[in-house]
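Asker: Sequence:
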Amino acid sequence: GGFGASRGRTKAAARFPIQPISVRISWSSELMMLSESLKLVTCQSLLPRKGKRERVACFEVLMSDNAVHNIIREGKLHLLPSAMTIGKDRGMQTIDAALQRLLDHELIDPVTAYRRAEDKESFEAALPEDFLEELHKDGP
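Quick note on our numbering: the sequence shown kicks off at 138 and runs consecutively.
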């Protein structure tokens, strides 16, 4: 027979077809493993420095604690920014908080902060009038 199989084995294989076994970890199991192993996550953006041909680093920092573990384990990832804000005394920082700090120290301009921000509305007050007009030209 073909591929070295005898007729007897071919008939037996037809009666007991071999099914591929796929082992797939469930999403909840993946979240559980991530929540238990996560220690620290940083995200760095290099932004144009105000008035100079240089870049300045902007860091978002997430550190693991019980609240972060629970949020990840339960799949409620949309709550991470709140946990980061609450954890600012422990060194956590959202991208918006980092942008605001750079803006307060006049290291970046308001347009750069607005373009990179998650919550853009919180940065609109600092934008130049001509930029705001252009921004809302097509909007309501």
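It should be emphasised that the hints constitute simulated quantities derived from the structure, not laboratory data. There's no promise every hint is true.
The calculated label-pair distances, taken between Cβ atoms and stated as ranges, are [said to hold, decoys possible]: (1) Trp164 / Leu272: 23 to 29 Å; (2) Ser166 / Leu216: 43 to 49 Å; (3) Leu214 / Ser182: 32 to 38 Å; (4) Ser174 / Arg238: 16 to 22 Å; (5) Val178 / Lys274: 36 to 42 Å; (6) Gly188 / His215: 32 to 38 Å; (7) Asp241 / Ser165: 28 to 34 Å; (8) Asp267 / Ser163: 27 to 33 Å.
All of these numbers come straight from a predicted model, not from anything done at the bench. All residues carry an ideal CB built from backbone N, CA and C; glycine is no exception.
Asker: State for each hint whether it applies.
Answerer: Comparing the hints with the structure gives:
1. At about 38 Å, the CB distance of tryptophan 164 to leucine 272 disagrees with the hint of 23 to 29 Å.
2. The hinted range of 43 to 49 Å is not satisfied by serine 166 and leucine 216, whose Cβ atoms lie roughly 20 Å apart.
3. Restraint check, leucine 214 to serine 182: a C-beta distance of roughly 20 Å breaks the suggested window 32 to 38 Å.
4. Under the hint 16 to 22 Å, the C-beta atoms of serine 174 and arginine 238, about 30 Å apart, miss the expected range.
5. Distance hint check for valine 178 and lysine 274: the Cβ-Cβ separation is about 37 Å, which falls inside the suggested range of 36 to 42 Å.
6. Hint check: glycine 188 to histidine 215, Cβ distance near 36 Å, so the stated range 32 to 38 Å holds.
7. For the hinted restraint 28 to 34 Å between aspartate 241 and serine 165, the CB-CB distance of approximately 41 Å leaves it violated.
8. Take aspartate 267 and serine 163: their Cβ atoms lie about 52 Å apart, and the range 27 to 33 Å is violated.
Checked against the numbered hints above, the structure breaks hints 1, 2, 3, 4, 7, 8 and satisfies the rest.
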